[in-house]
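J.: So you can see what is in the structure, the chains are spelled out below.
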Amino acid sequence: MIKQVRICGFGGQGIVLAGVILGHAGILDGKYAAQSSSYGAEARGSACKSEVVISDGWIDYPHVLKADILIAMSQPAYNKYCCDVVPEHGVIFHDEELVTPNPQIALSHFPVPATQRALQIFDNRLVANTVLLAAVVSVTGIVTPDSLKLALDKTLDGRHLEANKKAVDVGFQLGSIVKKH
Amino acid sequence: MRSLVAHIEINQAWCKGCQICVEICSRGVLGYATDVSDKGFRPIIVEKIEDCTGCIMCELMCPDLAITVEKVEK
Amino acid sequence: MSKHLYKYLRTEVFPTPFCSGCGHGILMGAILRAIDELGYDMDGMLFVSGIGCGAWIPSPHFAADTLHVTHGRPVAFATGAKLFKPSLKVVVISGDGDIASIGGNHLIHAARRDIDLTIICANNGIYGMTGGQVAASTPLGMRTSTTPDGNRERPFDLCKLVEAAGGTYVSRYSVHQVKPLIRSIQRGLEHTGLSFIEVLSPCPTQFGRRNVSGTAFEMLQTLKEDCVSRQKAETMGSEELKYKIVTGEFVTS
Amino acid sequence: MGYRKIRGVTPPGQYFLQGDEACAEGAVAAGCRFFAGYPITPASEVMEHIVRRFKDCDGVFVQMEDEIGSIAAMIGASWAGAKPMTSTSGPGLSLMMENIGYAAMTETPLVIVDIQRAGPSTGQATRPGSGDMLQVKYGSHGDYEIIALSPWSVQEIYDMTIRAFNLAERFRVPVFVLSDEGVGHLRENVTVEQEVTVFERDKAPGQPPFHTDEPGGVPPMPCFGDGEKLLVTGSTHDPFGYRKTQVSEVHERLVSRLVGKIRNRADEIVDTDSYFLDDGPDVLLVAYGITARAALSAAKVLRDEGQKVGLLRLRTIWPFPERVVVESAQKCKEVVVPELNQGQICREIERLLDRDVISLPQTNGETMKPTKIIEFVRERAVTQP
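Chains as they are written, first to last, in numbering that gives the first Met the number 0: chain A, 0 to 180; chain B, 0 to 73; chain C, 0 to 252; chain D, 0 to 384.
Some hints here could point you the wrong way.
[What the hints assert, rightly or not] Taking lysine-lysine and the DSSO-like style, the derived pairs with C-alpha atoms no more than 27 Å apart in a straight line are:
1. K243(D) / K6(C)
2. K54(D) / K38(B)
3. K159(C) / K241(C)
4. K73(B) / K2(C)
5. K38(B) / K2(C)
6. K299(D) / K65(A)
7. K178(C) / K70(B)
8. K54(D) / K65(A)
9. K79(A) / K368(D)
10. K65(A) / K79(A)
11. K228(D) / K2(C)
12. K228(D) / K6(C)
13. K178(C) / K223(C)
14. K2(C) / K47(B)
15. K202(D) / K6(C)
16. K79(A) / K371(D)
17. K159(C) / K243(C)
18. K70(B) / K47(B)
19. K54(D) / K153(A)
20. K6(C) / K70(B)
21. K70(B) / K2(C)
22. K243(D) / K307(D)
23. K2(A) / K368(D)
24. K2(A) / K371(D)
25. K371(D) / K307(D)
Hints listed in this document are in silico derivations from the structure and should not be mistaken for laboratory results. A quick note: this is a predicted structure, and the numbers were derived from the prediction, not measured.
Starting from the given sequences, assemble the full structure and let the hints guide the process.
T.: The structure is reproduced here in structure tokens:
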């Protein structure tokens, strides 16, 4: 089994961090994981993508060729990468507020109100990435929920950790609702 | 009663004949030899040791560390 | 007693390669006398120098660890050695071109760090080894091989530069002030933090023959006339001081 | 002195690390306790990570005023007994070049990590490239040899950094971990073992630090502060470090030894890896760094299609794996070199083989995709039956 995940948006949304946490969760599941990212020289605001490949064994080519899962957190990023998804079984998760899907893309779309919930519950849009990631994990099972939480523990510390742990629970809940649709 | 007098040793192998020592000595203790060394200058010699006060300015100002001034027993 | 200093030297490499009457030899003696009077063990000392006449003062002459490095970089090399082995007494001895021109950035950052180094800058106001080109320390109006009509660029005041960058012991002496110079080198060596001692050292070959007539001693005399002590300078007007070099201790914190 | 096994600083286990971080971990494991550096994308994470790790093992870190100062400080520290490292990328490497020559001349062990980005000049700071392949070898003036290793994964940058320190100490030479943004910013599984094999310097008091009677041998390296009264100089010097800048035989002997100690020991240093070479493939891919992963991926796809394609991966770049390249290419019809530059290593291979070598260059600031190699080989197969 090899799964390719592409997370995209703009700098400052935690796109890279979401990839790091997902990849880390992968290795905690005993898998092999490769995570990479691409961004401009500016620390904030420019286009940003993060890629995670999770496999049962060594990964020859560590970047995403065609995504099994696309996670889009901005409209420009969605527009750029929505065609680069495996046609047969690929799925797209997107922030419900920030991205309007292209009706011509005949793939399963999962709108997740991540930014909206992040603002509503935490008054902090910075945890939207975690909400969205947890929803993806909940729906696809790409990593186990326990590993996702453990990966947060190993990647974050202090007040960020507490907020993100709660954000994971919100994401799991959203995921279970999305799944029922 | 013991008394000390100065003794000046010049390391001719190191001296480059810049003459700073000759000029700096207010008592004219040092001077030049009449012959010319194989390096092309007149070697520095001690001319009037009896006038030396042992101020060691010649030693301190020698760029070639070629002068040693010592006080010895008479 | 020059002979008493021979134990600090690799006597087999003598006489020195310096030109007849070069002030760097006087400085060499002053440094060794300072070390001798302090009773330092040369085995615990490291001398770092760059490229140029001044850089040859410690290497190969001193019987101690010496690191003779690329042009302009001795302060940076010294920084690494000192940080890794703080027990070493690390002394940089190099010329004005080396320390203050090509290596100026390392100098100001060493001062900013206030790292425990002693930097002795043998300033002869010219690039001696390469044939007498103008330096960042050449006084206004002086003729060099690249300023045949006289230097039009103002020279650096190295002591002010190091003081502004944060050096905690800063002084300037000429080699003709040999006794205060030795005392100042001792203070620099004993100082904890960055000590910078600028030493004015005549270059009879490259500087002298283009700008002053006469012997090495006459050059020393000219230098003596150009220098005024810090105390005296405080009583003088700026017009009077225009062509003077102020000597003494500037920072002793 | 010599090789010995020590207990690593990092607890053994599985980690999920970025290439830059794994490099820093490898350095600490190998005994690196001095780091001087200057910030530069995409290499800064090596520096940031080692600062944190030095807290646990009393390492000395200094952020210098520029890359010139960084490598100078490393050389000073190396002679004071440290195993020093710095990390940089193309623009910083260019600034370091003069003192890399100094380190080669004075036989100073150093490890320089070059996380290559797309150049020339400032180029694309956040994008991968392999444009420094020849610069690390030839960038400083005069004749000298260095060692350069090229990792393709995060595990390998960890392992190779340890090896880089051992080779630097063993041969008294600057060693480059010649990586790229693709590996430096990649995060992958890393297995850290309990035991690490390290090489410790032979100080040999009283012995000449710049000569050995052994042909092509490596002299012992004493240390500042041990009462050895060392004379270290970048000028031409005799066995004890005395400058002999006017003696032609001394210069000839010194430069020959600096070059010979690496060239004559190439077999001990060179390390390669091969895939599908047993049946004498028609097409030989020669690749290194992150690009070798695309090449392996491509080779597998092409093999499935029935094409006889093999891969030779260069884990050592300098000294160049000449013997292995010549042997591997012998039975192949075509040699193809995919790389993130305009054919730097391709040209080196062409120099060795008495025939045309096909360059597959890419300099767009992206890692090469397997599809590029696959399509290229398919096309050649059609046009050249």
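J.: If a hint holds in the structure, say so; if it does not, say that too.
T.: Structure-based check of each hint:
1. K243(D) / K6(C): holds, 23 Å
2. K54(D) / K38(B): violated, 60 Å
3. K159(C) / K241(C): holds, 16 Å
4. K73(B) / K2(C): holds, 21 Å
5. K38(B) / K2(C): holds, 22 Å
6. K299(D) / K65(A): At roughly 18 Å apart (the allowed maximum being 27 Å), K65(A) and K299(D) satisfy the hint.
7. K178(C) / K70(B): Within the cut-off at roughly 19 Å; holds.
8. K54(D) / K65(A): Outside the cut-off at roughly 42 Å; violated.
9. K79(A) / K368(D): Satisfied, since the Cα-Cα distance of roughly 18 Å is no more than 27 Å.
10. K65(A) / K79(A): Holds, because 13 Å separates the two Cα atoms, which is no more than 27 Å.
11. K228(D) / K2(C): holds, 20 Å
12. K228(D) / K6(C): Distance of about 12 Å is within 27 Å: holds.
13. K178(C) / K223(C): Holds, at about 14 Å.
14. K2(C) / K47(B): Since the Cα atoms of K2(C) and K47(B) sit roughly 21 Å apart, the hinted pair holds (cutoff 27 Å).
15. K202(D) / K6(C): holds, 25 Å
16. K79(A) / K371(D): Distance ~21 Å between K79(A) and K371(D) Cα, so the pair holds.
17. K159(C) / K243(C): Measuring from Cα to Cα gives roughly 15 Å; hence the hint holds.
18. K70(B) / K47(B): holds, 15 Å
19. K54(D) / K153(A): holds, 19 Å
20. K6(C) / K70(B): Distance of about 20 Å is within 27 Å: holds.
21. K70(B) / K2(C): The given pair, whose Cα atoms are some 13 Å apart, holds under the 27 Å limit.
22. K243(D) / K307(D): violated, 57 Å
23. K2(A) / K368(D): Satisfied, since the Cα-Cα distance of roughly 17 Å is no more than 27 Å.
24. K2(A) / K371(D): holds, 21 Å
25. K371(D) / K307(D): holds, 17 Å
The structure does not agree with the numbered hints 2, 8, 22 stated previously, though it agrees with the rest.
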